[in-house]
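Please build the complete structure, drawing on both the sequences and the hints.
Chains as they are written, first to last, in the working numbering: chain A, 7 to 269; chain B, 80 to 515.
What the hints contain is simulated information worked out from the structure, not anything from laboratory work. We put the CB at the ideal spot given by N, CA and C, even for glycine. Possibly wrong hints are sitting among the right ones.
[Said to hold, decoys possible] Below, a sample of chain B positions facing chain A; criterion: calculated Cβ distance under 10 Å:
#1 Pro86
#2 Gly87
#3 Thr90
#4 Gly96
#5 Ser133
#6 His135
#7 His200
#8 Asp219
#9 Arg222
#10 Ala223
#11 Pro227
#12 Glu338
#13 Leu494
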Amino acid sequence: MLLNIGGRQAYAYTGGKAFDAGLPAVVFVHGAQHDHSVWVLQSRYLAHHGYGVLALDLPGHGRSEGPPLESIEALADWVVAVLDAAGVKAASLVGHSMGSLVALEAAGRAPARIAKIALVGSAFPMRVADPLLDATRDDEPLAQDMVNIWSHSTHAAKPSNPGPGFWIIGENLRLMQRIKPGVMHVDFRACNAYSGGAERAAAVRCPTLFVLGDRDMMTPPRAARDLQAAIPHQRTVLVKASGHNLMGEQPDAVLDALRTFLP
Amino acid sequence: MAPPKYPGFDTLALHAGAAPDPATGAHATPIYLTASYTFRDSDHAAALFNMERSGHVYSRISNPTNAVLEERIAALEGGVAGIAVASGQAALHLGLATIAGAGAHVVASRALYGGSHNLLHYTMRRFGVQTTFVDPRDIDAWRAAIRPETRVLFGETLGNPGLDVLDIPRVAALAHDHDLPLMVDSTFTTPYLLKPLDHGADLVYHSATKFLCGHGTVIGGLLVDGGTFDWAQAHARTGKFGEIASPYEGFHGMNFAEESTVAPFALRARREGLRDFGACMSPFNAFQILQGIETLPLRMARHVDNTRKVVAFLAGHPAVASISHPDLPEHPDHALAQRLLPKGAGAVFSFTLKGNRAAGMRFVEALQIFSHLANVGDARSLVIHPASTTHFRVPSADLEAGGIKEGTMRLSVGLEDPDDLIEDLARGLRASQKGA
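Given below as structure tokens:
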């Protein structure tokens with residue numbers, strides 16, 4: 007599905023069904039150097055189970071036009087603009103990594119528009135180590151390898167994603183390679199610079215779910231503790247045997263966590 | 080801070096895609112001999128059928144043992160997804176049929192395995208897919224053969240019978256200039272000697288019967304989607320590849336390029352090709368090929384080491400009229416082989432002994448270690464004499480037009496003691512020259 011956001015084309019995967027704004031809306035927000043396809047199983051399932059689904063390509067990623075946005079705040083405003091363009095009054099937001107910060111920030115900026123937030127592989131602050139941040143600017147292939155290696159906990163994730171026979175470490179690398187040059191540094195810089203998480207978390211009133219991987223090296227579970235503490239009503243699902251690529255390594259566990267949370 | 084690193088090739092050959100069996104703890108990959116899989120409940124069933132969850136439904140489409148093999152070959156090739164099929168021929172057919180239907184056109188190297196040539200020249204033609212065969216060394220011929228309806232460029236990493244080395248970077252660049260993918264048959268080289276995706280190829284396949292299995296026990300094929308070709312972009316620019324980048328009525332309007340940004344080819348090939356053509360691999364065969372791949376690095380190193388010794392022996396033997404191997408400086412692709420195949424140019428090659436068809440037959444019959452049969456890539460050394468077997472009805476003049484002479488032999492060098500192989504060949508060559 008294509009939308010016009012501020013004069014630029016934005017793409018959203020709708021889960022294999024035409025988007026219906028009259029259904030409860032779920033908006034998926036990918037992380038840095040990714041696109042909508044990281045959510046294909048979860049978004050496809052929900053689209054066929056009574057939800058209107060938008061799995062976004064953020065600006066400059068995948069099929070969405072424009073330069074990548076420089077801050078989490080700008081991304082949050084853009085997601086709210088997507089809701090306007092799609093005719094959605096209120097939606098649940100599901101974000102991964104950088105996308106989880108976007109969901110948190112959007113819930114703070116437009117609380118009337120955000121029904122629930124699910125933060126997958128989240129952390130605050132989302133500090134990026136200097137060698138990695140520098141590499142995203144100076145040597146994208148190196149940075150992509152670093153992120154790819156640190157994002158996986160196994161060489162045998164089953165049942166694989168999106169289906170049997172996929173080598174998800176190769177899949178994740180190719181996806182990062184497919185994103186336009188220059189985007190990676192903007193994304194990682196935005197994560198690193200985001201400072202509003204504690205304030206937004208303290209103000210969150212909507213139902214909130216954390217989905218964390220017990221072997222996540224990029225955003226280890228302990229890095230979400232401050233956010234969890236600031237949102238007393240939050241629930242957490244700790245996914246066993248999962249690194250930062252939770253949707254790749256444990257697609258069923260992520261879906262099942264969302265199924266329980268969203269209704 | 081030292082950057083992290085990926086596991087090396089040898090480690091991946093043992094571990095990629097495999098974990099202890101969650102049900103039993105079995106360390107070796109179990110052979111899941113089952114046609115189908117029970118569903119947890121009706122919703123789980125519907126979600127599996129509609130590709131909302133990943134998992135197995137029916138072993139024609141996917142199987143847990145096969146999935147380990149598929150992930151392993153994808154990892155070794157540096158690709159995204161593997162598909163295990165019944166044979167190398169099935170892999171070629173699946174690769175072609177996924178993107179080429181009636182009215183489509185293929186540009187292929189003319190230096191192909193005979194079975195591949197048959198499929199393209201006769202059988203696919205019957206289904207409306209035309210092929211133009213070109214000299215793989217002539218980049219202008221590749222370029223000139225591309226038509227508006229061309230869907231793929233195709234060649235072998237090492238061509239048949241002269242071991243033409245495919246200039247993958249050059250042919251891939253040409254393909255990509257025309258928004259076309261390059262598919263290669265990498266059977267003779269395996270990812271140990273050459274990873275075509277690293278050089279620009281987009282799709283790779285193997286007859287896994289050969290070096291990957293390594294023991295001459297089972298038939299199988301593996302097709303790998305490298306995840307490099309942008310099918311959606313090519314579709315937008317040329318209108319081609321609607322099979323992958325537009326809604327498919329045969330699967331509820333699924334647009335594979337929306338489902339997977341990087342490997343929609345693999346999705347289409349499985350969800351259409353395995354589903355409908357049904358050329359699936361037996362999980363028993365997948366197990367055998369997995370066993371073979373575990374020792375692939377060790378075996379390939381020995382294969383090429385033995386080959387170098389055998390080639391050196393034959394090159395200096397007075398009964399040998401000619402020998403062609405890219406390791407030799409006089410081979411036309413020697414320099415290219417040094418660049419693309421620094422570990423060695425495989426273990427299958429041809430040489431021609433002095434004498435006629437009868438001399439060739441005497442050679443074959445005198446051998447004691449080399450087995451006379453129609454296969455390559457076995458742990459044991461193999462020989463075939465085309466003029467008395469595969470081409471025995473072909474007149475001498477026609478043989479020569481195909482690059483084969485009455486005394487031409489194809490060897491597949493195995494893992495035996497190299498001195499024994501050389502002694503065996505010396506015995507055969509002596510016999511070949513008796514009565515000459």
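Each hint, compared with the structure:
1. Against a cut-off of 10 Å between C-beta atoms, the interface hint on B:Pro86 holds, since the closest Cβ of chain A lies about 7 Å away.
2. About 12 Å separates the beta-carbon of B:Gly87 from the nearest beta-carbon of chain A, more than 10 Å, and the hint is not met.
3. Residue-level restraint check for B:Thr90 holds (minimum Cβ-Cβ distance to chain A is 9 Å; threshold 10 Å).
4. Using the Cβ-Cβ criterion of 10 Å, the hint placing B:Gly96 at the interface with chain A is satisfied: the shortest such distance is roughly 5 Å.
5. This hint holds: B:Ser133 has a C-beta 4 Å from the nearest C-beta of chain A, less than the 10 Å allowed.
6. With 10 Å as the threshold, the beta carbon of B:His135 comes within range of chain A, its nearest partner Cβ sitting at about 6 Å, so the hint holds.
7. With a least beta-carbon distance of about 30 Å to chain A, the hint placing B:His200 at the interface is violated under the 10 Å criterion.
8. With its C-beta approaching chain A no nearer than about 31 Å, B:Asp219 sits outside the 10 Å limit, and its interface hint is violated.
9. At about 27 Å, the closest approach between the beta carbon of B:Arg222 and any beta carbon in chain A exceeds 10 Å, and the interface hint on this residue is violated.
10. For the restraint placing B:Ala223 at the interface with chain A, the shortest Cβ-Cβ distance is roughly 31 Å, beyond the 10 Å limit, so the hint is violated.
11. Restraint check, B:Pro227 versus chain A: the minimum CB separation of about 26 Å is more than 10 Å; hint violated.
12. With its C-beta approaching chain A no nearer than about 5 Å, B:Glu338 sits inside the 10 Å limit, and its interface hint holds.
13. Hint on B:Leu494 is violated. Least Cβ distance to chain A is approximately 28 Å, over the 10 Å limit.
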